[in-house]
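Chains as they are written, first to last, in the working numbering: chain A, 61 to 326; chain B, 61 to 326.
Hints are not guaranteed to be accurate.
Calculated Cβ distances over 12 Å to all of chain B for the following chain A residues [said to hold, decoys possible]:
| # | residue |
| --- | --- |
| 1 | G252 |
| 2 | Q256 |
| 3 | V272 |
| 4 | E304 |
Covered by chain B, according to a simulated footprint, are these stretches of chain A (three or more residues, beta-carbon under 8 Å) [to be verified]:
| # | stretch |
| --- | --- |
| 5 | 156-164 |
| 6 | 222-236 |
Hints are computed from structural coordinates only; laboratory data are not their basis.
Backbone N, C-alpha and C fix where the C-beta goes; we use that ideal spot for every residue, glycine too.
Here is how the chains run, residue by residue.
2 protein chains.
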Amino acid sequence: MSRIHDPAQLRRLIRDKSFDRPTTGQAGGYLQGNLVVLPKRFADDFLGFCVNNPKPCPLLGVSRPGERGIATLGEDLDIATDVPFYRVFSREGRRDRVADLSNVWRDDLVSFVIGCSFSFEESLQRARIPVRHIEAGRNVPMYVTNIPTRASGPFHGPLVVSMRAFSPADAIRAIVLSDRQPLAHGAPVHIGDPAQIGIKDFDNPEFGDPPVLEPGDIPVFWACGVTPQMAIHNAGPDIAITHEPGHMLVTDVPAEGASIGLNAAH
Amino acid sequence: MSRIHDPAQLRRLIRDKSFDRPTTGQAGGYLQGNLVVLPKRFADDFLGFCVNNPKPCPLLGVSRPGERGIATLGEDLDIATDVPFYRVFSREGRRDRVADLSNVWRDDLVSFVIGCSFSFEESLQRARIPVRHIEAGRNVPMYVTNIPTRASGPFHGPLVVSMRAFSPADAIRAIVLSDRQPLAHGAPVHIGDPAQIGIKDFDNPEFGDPPVLEPGDIPVFWACGVTPQMAIHNAGPDIAITHEPGHMLVTDVPAEGASIGLNAAH
Chain A
61 MSRIHDPAQL RRLIRDKSFD RPTTGQAGGY LQGNLVVLPK RFADDFLGFC
111 VNNPKPCPLL GVSRPGERGI ATLGEDLDIA TDVPFYRVFS REGRRDRVAD
161 LSNVWRDDLV SFVIGCSFSF EESLQRARIP VRHIEAGRNV PMYVTNIPTR
211 ASGPFHGPLV VSMRAFSPAD AIRAIVLSDR QPLAHGAPVH IGDPAQIGIK
261 DFDNPEFGDP PVLEPGDIPV FWACGVTPQM AIHNAGPDIA ITHEPGHMLV
311 TDVPAEGASI GLNAAH
Chain B
61 MSRIHDPAQL RRLIRDKSFD RPTTGQAGGY LQGNLVVLPK RFADDFLGFC
111 VNNPKPCPLL GVSRPGERGI ATLGEDLDIA TDVPFYRVFS REGRRDRVAD
161 LSNVWRDDLV SFVIGCSFSF EESLQRARIP VRHIEAGRNV PMYVTNIPTR
211 ASGPFHGPLV VSMRAFSPAD AIRAIVLSDR QPLAHGAPVH IGDPAQIGIK
261 DFDNPEFGDP PVLEPGDIPV FWACGVTPQM AIHNAGPDIA ITHEPGHMLV
311 TDVPAEGASI GLNAAH
């Protein structure tokens, strides 16, 4: 299947089960988001966690309780149907993979959409900066650091980072380009020695695939969207829903010069 | 003597010999420039050298032959009197230190004003990023690299870089802040291992003072205004005039959002 350029069209295909793959590389130029759905009882504290930790949790949008739409991200957008696959977590530790949330939807659910690194990686590739894990067909390596997040109520935990390695000259350009996309995690949080942020086994990341480095490369570490997932696990809500990794919520918000509520529908 | 905030007032004091010290820290918020004065015969090639190498040679202004003013940098500005001390180089290798160029001025001299790192270091300090050589009361260390410049006529030579060391988190901020000041050398050209750009003896820079590093620091290298001086030496004009290091030409151009010809007088 060829690439789909229009985010609204892609959401319709996903809704109709005509598109059921990762959204990587689709709807280029538009922000994609991590999805987090929590009961209203936890929503205020999780909102506080995002506001306290904008680098790992750049907020693209929040729904009203029970509502499945977030008009600022896309006029027709339906949280419960527009992600190819969801993960539904129960407090008992069950994890279900579902393609539609309609059967588990509740009137007290609040949806949070959090920026992800896809649009930033797109801008690296447009600038002809090699993104080594993509070229190697791997997932990005992600590490748990010794940097604490700022807790909010029951939400707490360490900062998780993703790592991309570059030649020093490309690392400088990647830092500058990523700083221009604060809704895609912004500038990195660390460069160089992994041990300085508590990474003990660089070759074996906690999440994703092992790192890819060329001789002379310098590792660059960005705040990662897995950070809120660890904080949610620590908070222990009775239900939590996220997207399946790589299967993101595609929005109508242009990635460059993004300004929520001005670019999208009404 | 207290700080002088107004660049035009500072130039008047320099012109009257009432201010004869380095201009570091004076007229905060305004661009200061390296001065290069060459005979017209060499001017086109040197202009080409600056255009070919904008990181070491960000052009703030160029005079017409024989003219001592550059109105876009300051309405009243007089190249021949408004720098505290000049260096006058002859082809025979003589170097004179003079406080006024009136006696050596010629009708064929063309003046080039090239951005320097002062305004960038100011913005680091405003962002509370420690600039170690300033805190240690030292000059910045400068190194000859194995990176060639793009030659223009007789002007050629290696890229010279200045080095500032930071904690990794501050290095990221310094990269982002410096990128916003393309007229003050812009983003760095290298980070990390000095040997990768041909620096063999990091503790003994070719110019300036030895480096100051704290544990865990990462060295960051910016293109440096000494680069054109080496290229001028290689070109061998019969006369060349520069500012005495630290004694810069102070302009009316605001450092932030600088746009030559729009901000300054008419």
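Do the hints match the structure? See the list:
Residue-level check failed: G252(A) sits 5 Å from the nearest beta carbon of chain B, not beyond 12 Å. With a closest Cβ-Cβ approach of about 6 Å to chain B, Q256(A) is found to fall inside the 12 Å limit, against its non-interface label. Taking the minimum C-beta to C-beta distance to chain B, about 18 Å, the non-interface status of V272(A) holds against the 12 Å cut. Here E304(A) stays apart from chain B, with its beta-carbon at least about 31 Å from theirs, past the 12 Å limit.
Restraint check on the stretch 156-164 of chain A versus chain B: 0 residues with Cβ-Cβ distances below 8 Å, three needed, restraint violated. Remark: the stretch 222-236 of chain A is confirmed as covered by chain B, as 7 of its residues place a Cβ nearer than 8 Å to a Cβ of that chain, reaching the required three.
Violation of the numbered hints given earlier is confined to hints 1, 2, 5; the remaining hints are satisfied by the structure.
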